[in-house]
Amino acid sequence: MTPDPLLDPPFDADPDPDAYLRAAMRWHFSPETGSPFWLSRAGSLGFDPLTDVTTHADLARFPNLANELRTARVEDLLPRGYGGRAEVVGVYESGGTTGAPKRVLLLRDWLDRLLGWSSAQLDLHGVPRGVNWLVVGPTGPHMVGDVIKAQTALRGGLAFTVDLDPRWVKKLISAGRGEEAAAYAEHIVDQVAFVLETQDVGVLLCTPPVLERIARRDALAGLVNEKVRAVNWVGTQLDPDTRHLYRTEVFPGVVLYSGYGSTMILGNAGERPGLTDDDPCVYDPFAPYMGFDVVDPETGRTVEYGERGQVVMHHVSKGLLMPNNLERDLATRIPGPPGQPGDSVADIAPVREFEDETVIEGVY
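For the sequence shown, our numbering begins at 5 and goes up steadily by one.
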């Protein structure tokens, strides 16, 4: 079956959000094109996605099925409409912060769309093209390493990598073995130093805990200021005071840019361009494919703008439908840019407990 052209606009197009959503519902819930995962659950939803889901607000009608991705066969996530022609880039897992990891498929058509949008976001922030990246982040079952390597190639550079295992660090911290966790983090920074001392690196991607340890080493911080033109921080969050300190004093000549994302939305939201050092760090999702809502965790109702609540994430693309997923993060609800369905978010912080598990961030 030929996909609805509404589902395949150029990455820089601005499709009508409601028309796009209706096309996605037809794709994911038609027997000819939907995935076994969703088709087998359609009859128990209590509503008809083909007629009852027409706007972003209607995504709240879906149950949160993200936990089922811990055990679901990944083959069942692939929509039949691809007809065996889907290029699967990889099977990727969530961080495993709150129990057994969840798994998703990353398809080439979505990766290409994500990379096009992400690269345009980097351009808006002045992140240079044609330079090498040092990627300090999770590889293996995690999505971020492969995506950033592909991003680097798209932008004309080579990717140096330092593998980071967040699950091991969280396990050490949970067991009260903080000294071992700290030693592992220093091991990561040692490897960063090896690369920066010998290679041409224009962009450094790392997490705030790693960046903090880099900043503590005067010689290494000096190398960053000498060689690196942009630092892209991801994963755990920077508090506003530390972000301001890095931008104005520690790395004053370096572009500092961040993203906020999740494996469950197959990507990240970009930091809003044009923010000043005094502004909160606001993230706008790649709409209409990704969406945020900020809700009261007790009632599920949307909080007022400027108030804090828990983040609900939605992903709606041709390759994956994962709506109404309550994430483990708190945020301030911010109005989105004109025409964006749902919310933008700022001042991200983890909840203390999620799904009866203590949330430990560690190094990612």
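Hint data in this document are derived by calculation from the structure and do not stem from the laboratory. Do not rely on the hints blindly, as some may be mistaken.
Said to hold, decoys possible - Okay, the calculated beta carbon distance ranges per label pair: (1) Arg45 with Asp300: 21 to 29 Å; (2) Asp194 with Glu230: 14 to 22 Å; (3) Asn71 with Arg30: 21 to 29 Å; (4) Ala179 with Asp116: 38 to 46 Å; (5) Ala61 with Gly87: 31 to 39 Å; (6) Asp245 with Arg89: 45 to 53 Å.
Built from N, CA and C at the ideal position, the CB exists for glycine as well.
Each hint tested on the structure:
In this structure the hint that Arg45 and Asp300 lie 21 to 29 Å apart at CB holds, the actual value being about 27 Å. About 19 Å separates the C-beta atoms of Asp194 and Glu230, a value consistent with the hinted range of 14 to 22 Å. Roughly 26 Å separates the CB atoms of Asn71 and Arg30, a value that falls within the hinted 21 to 29 Å. The given range of 38 to 46 Å is respected by Ala179 and Asp116, whose C-beta atoms sit roughly 41 Å from each other.
For Ala61 and Gly87, the Cβ-Cβ distance of about 33 Å falls inside the hinted range of 31 to 39 Å, so the restraint holds. For Asp245 and Arg89, the hinted distance range of 45 to 53 Å is satisfied, since their beta carbons lie about 50 Å from each other.
The structure meets every hint from the earlier list without exception.
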